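Here's the letter readout for the chains.
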Amino acid sequence: MKPLLEGFNKAFENRTRLAIMSVLVVNNAVDFNTLKETLQVTDGNLASHITALEKAKYLEVRKGFIGRKTNTTYVATREGIKAFKDHLDSLEQFIKDID
Amino acid sequence: MNNEASPINDLKEIRSLMERSSRFMSLSGLSGVSAGVCGLAAAFFTHWYLSREGLRDDYVSNTLDKTMEYKVIVNLFFIGVVTLFLAVGSATYFTLRKTVRTGGRAWDTTSKRLMVNILMPLITGGIYCMALIYHGEYGLVAPSTLVFYGLALLNGSKYTLNDIRYLGVSQIVLGIISLFYIGYGLEFWALGFGVLHIVYGGAMWYKYDRKG
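Residue numbers (our numbering), protein chains in the order written: chain A, 4 to 102; chain B, 3 to 214.
Treat the hints as calculated values from the structure; they're not laboratory data.
Fair warning: this is a prediction, and the values are worked out from it, not measured in the lab.
For each residue, glycine too, the CB sits at the ideal point set by N, CA and C.
It is possible that some hints are incorrect.
Label-pair restraints from in silico Cβ distances [unchecked claim]:
| hint | chain 1 | residue 1 | chain 2 | residue 2 | range |
| --- | --- | --- | --- | --- | --- |
| 1 | A | E82 | B | E189 | 28 to 34 angstroms |
| 2 | A | G67 | B | E21 | 48 to 54 angstroms |
| 3 | B | Y130 | A | K66 | 40 to 46 angstroms |
| 4 | A | F68 | B | G138 | 30 to 36 angstroms |
| 5 | A | K13 | B | Y95 | 44 to 50 angstroms |
| 6 | B | E21 | A | T75 | 38 to 44 angstroms |
| 7 | A | G67 | B | I129 | 50 to 56 angstroms |
| 8 | A | K72 | B | E15 | 27 to 33 angstroms |
| 9 | A | V29 | B | Y168 | 18 to 24 angstroms |
| 10 | A | K85 | B | V84 | 31 to 37 angstroms |
| 11 | B | L57 | A | V78 | 54 to 60 angstroms |
| 12 | B | S53 | A | E40 | 51 to 57 angstroms |
| 13 | A | V29 | B | T126 | 50 to 56 angstroms |
Computed, partial: chain A to chain B, Cβ under 8 angstroms [claimed, not checked]:
| hint | residue |
| --- | --- |
| 14 | V44 |
| 15 | G47 |
| 16 | V78 |
The calculated lysine-lysine pairs, modelled on DSSO-like cross-linking and capped at a C-alpha distance of 27 angstroms, are [as the list claims (entries may be wrong)]:
| hint | chain 1 | residue 1 | chain 2 | residue 2 |
| --- | --- | --- | --- | --- |
| 17 | B | K114 | A | K39 |
| 18 | B | K160 | A | K85 |
| 19 | A | K39 | B | K160 |
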């Protein structure tokens with residue numbers, strides 16, 4: 004068999020990270036609770052993966068306010084969107100190779 | 003099966019997440035059916051009311067010279083408001099019920115975005131129709147409500163189930179046809195707001211909700 008994971012992005016090996024990016028590429032800005040509810044993951048789990056993606060510069064954290072409450076939202080960076088698309092391409096390629 | 007690195011599973015999940023996070027998916031087909039029933043009932047009631055007053059169906063459309071009785075305008079407006087209230091109320095009820103059943107939140111980013119995008123063309127159309135009434139162009143009101151409602155659905159369809167797009171296009175086409183058959187406003191209105199809603203709502207119920 005061909006080298007399976009060639010071209011697969013290490014940052015997306017974890018499904019939660021891939022899921023976070025899937026949500027961010029189709030939405031302008033998403034807050035923590037919306038992400039948590041969409042992905043059905045725990046606070047701690049989500050927070051650690053967000054930090055990992057932030058370190059990879061795939062997403063940006065934006066702090067704002069709704070009234071007096073802080074409202075933190077996450078936005079996919081240009082690099083993040085590119086990495087996500089490349090990852091999808093390699094997934095596609097992988098499936099084509101099977102056929 | 004290895005759950006961690008199966009590309010097909012990954013792609014399936016990505017697709018579902020993109021859709022779930024950007025579109026309001028729990029729109030119920032029954033909402034369409036109930037709105038349609040309200041629309042049809044209102045059309046029949048209006049027909050009955052006009053004939054009781056000794057007026058023909060095309061009275062409203064053909065009275066272009068602002069001589070229409072004030073009382074008739076007020077009563078028709080009242081029927082319209084009650085219909086709107088019942089249709090929106092029952093449609094909201096069925097969609098809320100579906101949202102609660104599927105464990106979603108009714109008032110989240112996706113439903114807000116859907117509302118805003120439907121309301122903008124709809125309110126524009128509402129003001130436009132009020133201006134038509136103000137100028138005494140009663141015959142153009144029914145076709146215009148259909149056209150603007152269709153445009154509103156078309157605009158909102160990007161943020162919910164794709165079937166809404168076809169309902170929107172159908173309403174626009176019907177509205178445009180009725181622009182050239184002034185005098186049959188009530189019939190076209192019953193067809194658009196009544197029959198089309200019931201047909202599309204029923205089809206959507208059959209497609210998405212039947213099992214649930």
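Evaluated hints:
1. A:E82 to B:E189: 28 to 34 angstroms: Once the Cβ atoms are compared, 58 angstroms apart, the range 28 to 34 angstroms for E189 (chain B) and E82 (chain A) is violated.
2. A:G67 to B:E21: 48 to 54 angstroms: Roughly 27 angstroms apart at Cβ, these two residues miss the hinted range, so it is violated.
3. B:Y130 to A:K66: 40 to 46 angstroms: Since the Cβ atoms of Y130 (chain B) and K66 (chain A) sit about 42 angstroms apart, the hinted range of 40 to 46 angstroms holds.
4. A:F68 to B:G138: 30 to 36 angstroms: violated (50 angstroms)
5. A:K13 to B:Y95: 44 to 50 angstroms: holds (48 angstroms)
6. B:E21 to A:T75: 38 to 44 angstroms: Given a distance of about 25 angstroms, which is not inside 38 to 44 angstroms, the answer is violated.
7. A:G67 to B:I129: 50 to 56 angstroms: Distance hint for G67 (chain A), I129 (chain B) is violated at roughly 33 angstroms.
8. A:K72 to B:E15: 27 to 33 angstroms: 32 angstroms Cβ-Cβ, so the 27 to 33 angstroms window holds.
9. A:V29 to B:Y168: 18 to 24 angstroms: holds (22 angstroms)
10. A:K85 to B:V84: 31 to 37 angstroms: For V84 (chain B) against K85 (chain A), whose Cβ atoms are near 54 angstroms apart, the range 31 to 37 angstroms is violated.
11. B:L57 to A:V78: 54 to 60 angstroms: holds (59 angstroms)
12. B:S53 to A:E40: 51 to 57 angstroms: holds (53 angstroms)
13. A:V29 to B:T126: 50 to 56 angstroms: violated (27 angstroms)
14. V44: violated (12 angstroms)
15. G47: violated (20 angstroms)
16. V78: violated (14 angstroms)
17. B:K114 to A:K39: The given pair, whose Cα atoms are some 18 angstroms apart, holds under the 27 angstroms limit.
18. B:K160 to A:K85: Roughly 24 angstroms separates the two Cα atoms, so the pair holds.
19. A:K39 to B:K160: At roughly 23 angstroms apart (the allowed maximum being 27 angstroms), K160 (chain B) and K39 (chain A) satisfy the hint.
In terms of the numbered hints stated before, the structure departs from hints 1, 2, 4, 6, 7, 10, 13, 14, 15 and 16, listed from lowest to highest.
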